[in-house]
Amino acid sequence: MIRHLPNYRRQSLRRAMAAGLLSAMLLFTAKPVHSATAAQDQVSRDFQQTVTLGAGQSVHIEHKFGSVRLHGESGREVKISATIRAQASSHEEAESFAQKIKIEVQQTGEGVRIKTIYPEEEKKWFHFSKNSSWSVSYDIGMPSDAPITVRNSFGGVEIAGVHGAADVENGYGTLNVRDAGTGRWNNAFGSIELVGAGGNVSVSDNNGSVQVSDVKGTLEVRNRFGSITARDIQGAVIITGGNGAVTLANAASAIITTSFGSVDASNIRGDLSIRDNNGHVEISAIGGAADITNSFGNVIFTDVHGRVNCTTSNGRVKGSSAMGSSVTIRDSFGNIELDTISGALDAETSNGKISVRDARGSVTLKSSFGAIEASNVPKGIRAITGNGGISLTDIGGDTFAKTSFGSVLTERINGNFTVENTNGSVTARNVKGDARVNTSFAGVTLESIGGRITVDNQNGAISVTATRPASGCRDISLKTSFSSIRVRVPDGLGYNLTARTSFGRISSELPITSTGSIRGDSLSGTIGSGGCQLQLTDSNGSIEIAKAP
Amino acid sequence: MVLAVSGGWIYFHRPIQKIDNDKSLLRTSALKEVESAESSYERAIDKLAAEAKPQLENPATALLANYHEKLLVLDSAIGELRAQAGLNPSNAQLRYQLLAMYQEKQRTLEEVLEAKP
Chain A
1 MIRHLPNYRR
11 QSLRRAMAAG
21 LLSAMLLFTA
31 KPVHSATAAQ
41 DQVSRDFQQT
51 VTLGAGQSVH
61 IEHKFGSVRL
71 HGESGREVKI
81 SATIRAQASS
91 HEEAESFAQK
101 IKIEVQQTGE
111 GVRIKTIYPE
121 EEKKWFHFSK
131 NSSWSVSYDI
141 GMPSDAPITV
151 RNSFGGVEIA
161 GVHGAADVEN
171 GYGTLNVRDA
181 GTGRWNNAFG
191 SIELVGAGGN
201 VSVSDNNGSV
211 QVSDVKGTLE
221 VRNRFGSITA
231 RDIQGAVIIT
241 GGNGAVTLAN
251 AASAIITTSF
261 GSVDASNIRG
271 DLSIRDNNGH
281 VEISAIGGAA
291 DITNSFGNVI
301 FTDVHGRVNC
311 TTSNGRVKGS
321 SAMGSSVTIR
331 DSFGNIELDT
341 ISGALDAETS
351 NGKISVRDAR
361 GSVTLKSSFG
371 AIEASNVPKG
381 IRAITGNGGI
391 SLTDIGGDTF
401 AKTSFGSVLT
411 ERINGNFTVE
421 NTNGSVTARN
431 VKGDARVNTS
441 FAGVTLESIG
451 GRITVDNQNG
461 AISVTATRPA
471 SGCRDISLKT
481 SFSSIRVRVP
491 DGLGYNLTAR
501 TSFGRISSEL
511 PITSTGSIRG
521 DSLSGTIGSG
531 GCQLQLTDSN
541 GSIEIAKAP
Chain B
1 MVLAVSGGWI
11 YFHRPIQKID
21 NDKSLLRTSA
31 LKEVESAESS
41 YERAIDKLAA
51 EAKPQLENPA
61 TALLANYHEK
71 LLVLDSAIGE
81 LRAQAGLNPS
91 NAQLRYQLLA
101 MYQEKQRTLE
111 EVLEAKP
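Residue numbers (our numbering), protein chains in the order written: chain A, 1 to 549; chain B, 1 to 117.
Just so you know, the hints here were simulated from the structure itself, not pulled from any lab data.
Note that the Cβ used here is the ideal one computed from N, Cα and C, for glycine as well.
Worth double-checking, as some hints may not be accurate.
Claimed, not checked - Listed next, the in silico SDA-like pairs over lysine to any residue satisfying Cα-Cα at most 25 angstroms (straight line):
#1 K64/A x L72/B
#2 K64/A x S76/B
#3 K402/A x S463/A
To be verified - Label-pair ranges, simulated between beta-carbon atoms:
#4 G198/A x E35/B: 43 to 51 angstroms
#5 E57/B x S332/A: 24 to 32 angstroms
#6 K79/A x E35/B: 50 to 58 angstroms
#7 E114/B x S321/A: 32 to 40 angstroms
#8 S202/A x R107/B: 49 to 57 angstroms
#9 S481/A x E114/B: 56 to 64 angstroms
#10 S29/B x D139/A: 28 to 36 angstroms
Take these sequences, add in the hints, and give me the full structure.
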C-alpha cells in the first residue's frame, strides 16, 4: 500500500505505524508496577453471588467498562463472580471508588437482572485525580438452557455453552460465542466470532469482522464496514455487507448483497443470489441456480448445477461446468470466457471478447467492439459482433456470423453457414450445409463446401471449392467486383453456367458446351450434362473455373 | 449462627486488595507513553486526512462516497472513545479500542489516497 505513496507521505505513515506499534506493545506488555507512588495505586474487590433461576427464566446483564464471560452449566444456579478494579492517585481514593461501584442483582418474575452501577455523582470529585480509572469484569456460570440478554459496551463479551435464546448487544469490544442456540448477536466497533449454534442466528456488526461457523439453522448477517466469513450453515443464508470481503462456504442457499468487497461462495446446496458492486465475485459448486449482478469487478463461476444468470459491467466473466438449463450473461466492457456449458447459452458484451468452448445447447453470442471465438458447439451458433473478428470451429448445427470490420474464420461446420460481413474477409473450411456469404472490401475463401454456395461480395476476391455431395449437385452463385472469382467444382457434376465480367477474362479447366455468340466477357453454357446453376458475376476482374481436387 | 453470618459477610465483602498482575488498568508510566503515542498517531492521521480532504468533500465516485461515510462513522467512534478515555484514562479496553479505531482510520485514509485517479 505504502509503495504507491510519495516519500513524505511514506514517512508520516511509518511514524504512525511505529507509534501504533508502540501503543500496542505498551498495552500488551505493560506490567503493573506495585505502586510505590500515590499516583498509581490500584485496588480490586471481588464480588460473588449465587442465585437460583426458575425454569423458563432468563438472565439479563447490563454492563460497561469491562469484559463479560458467560458459560452454561448444568443445574439451575446463576453464579455471579465479578472483579471490580479501581486506580487513583492514592490508595484511599482508589479504595473509596472501588467501594462505590455497585453490582445490582435483582430477581424478578422474568429471571435475574445483573447491572453494574458506577458512582456517577462522585465522578466529578473522583476526577480531581486525573489518573483515576476503573473496570469491572464478570465471569458468570448459568443454566445452559436459559435465555440471555446482554447489553455491554467498552469491553469484550465471551459466551460458551449457553443454548437458550440469546439477545446480545455489544459495543467497542469483541464478541466471541461458542456452542450457542438461537440468537441475535449485535456488535459495533468490534469483531464477532460465533462457532456453533443450534438454531437460527442473526448477526449484525457496524465496523468489525464477522466470522460464523457451524450453524444448525438459518443465518442472517449484516455488517456495514467489515469482512464477513460464514461456513457450514445448514439453513438458508442472507448476507448484507459493505466495504468488506464476503466468504461463504457450505450453506443450504444464499442471498448475498454487498459493495466494495469481494464475494467468494462455494458449496451452496440450493440457489445462490449475489448483488455486488465494485468487487470480485467467485462461486463454485452451486447445487441450484446462480443469479449474479456485479459491476466493476470480475465474475468467476464453476460447477453450477442450475441455471446461471449473470449481469455485470466493467468486469470479466469466466465460467465453466455450468450444468443447468441455461446460462445468460450480460456484460459491458469486459471479456467473457466460458467452458463446458450444458444448456442454452446467451452471452452478450460490449467492448469485450467472447470465448466459448464446449457449449452443448443453443448458443447466441453478441459483442460490439470485441472478437468472438467458439469451438465444440454441437447445436449451432449465432455469433454477432460489431468491430471484431469471429472464429468458429467444430460447430454441429446451423451457424450464423455477423460482423463488420472483422474477419470471419470457420472450420468444420455441420450445418448451414451464413455470414453477413462488411469490410472483413471470410474464410470457411469443411461446411456440410449451404454457405451464404455477404461481404465487401475483403476476400472470401470457401473450401470443401457440401451445400449450395452463395457469395455476394464487392471489391474483394472470391475463391470457392465445392465438394461432391452425396447425391446430385448444388447451385453456386458468386458475385463480386474489382477482383477475381475462382471456383473449383468436382469433376463429373453438371452445371448450367452463366459467367459475366467486364475488364477481365473468363477461363475454364472444365469443358463447356456453349451455343450462340461467344464473347470474352461473358459465357453461357453447360458443364457436363448441366443441372445445377453456376452463376459467376464480376466486373473489373477475371473469372476462373477449375476442377476441385 | 453469628459466626456463619459473619463468615458469609466477610466472604462476600472481602477486604480490598492491591493487584499485582492485572492488565485491565494501565499504570501511570504506561499511560503517559500511550498518550504520547496516540498524539503521534493523531498528528500522522491529520496529515493524511488533510491530503484526502478534497476527494472526500466532493467524492467523484461511489467508492469515495463510501469511504467518506466510513470515516464519519469512525470519527464518531473515536469521539466517543476519547470522551470515555478522558473520564477513565487508564482503562486498557478503552485505549485498545481507541488504538484500533485510529488504525482503521489510517488504513481507510490510505485507501482513499490510493483510490485517487
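G198/A paired with E35/B, Cβ distance criterion 43 to 51 angstroms: With a Cβ separation near 45 angstroms, G198/A and E35/B satisfy 43 to 51 angstroms, so the hint holds.
Holds or violated: K64/A to S76/B, with C-alpha atoms at most 25 angstroms apart: Judged against 25 angstroms, a Cα distance of about 18 angstroms means the pair holds.
S29/B paired with D139/A, Cβ distance criterion 28 to 36 angstroms: holds, 29 angstroms
Supplied distance hint 24 to 32 angstroms, evaluated on CB atoms of E57/B and S332/A: holds, 31 angstroms
25 angstroms limit on alpha-carbon distance, applied to hinted pair K64/A and L72/B: The given pair, whose Cα atoms are some 24 angstroms apart, holds under the 25 angstroms limit.
Supplied distance hint 50 to 58 angstroms, evaluated on CB atoms of K79/A and E35/B: violated, 38 angstroms
Outcome for the supplied range 49 to 57 angstroms, where the beta carbon pair is S202/A and R107/B: Since S202/A and R107/B have Cβ atoms about 28 angstroms apart, the given range 49 to 57 angstroms is violated.
Straight-line alpha-carbon gap K402/A to S463/A, limit 25 angstroms: Satisfied, since the Cα-Cα distance of roughly 20 angstroms is no more than 25 angstroms.
Hint check for E114/B and S481/A - Cβ pair distance inside 56 to 64 angstroms: holds, 58 angstroms
Cβ separation of E114/B and S321/A, checked against the hinted range 32 to 40 angstroms: The hinted range 32 to 40 angstroms holds for E114/B and S321/A, with Cβ atoms some 36 angstroms apart.
Hint violations for this structure: numbers 6, 8, all remaining hints satisfied.
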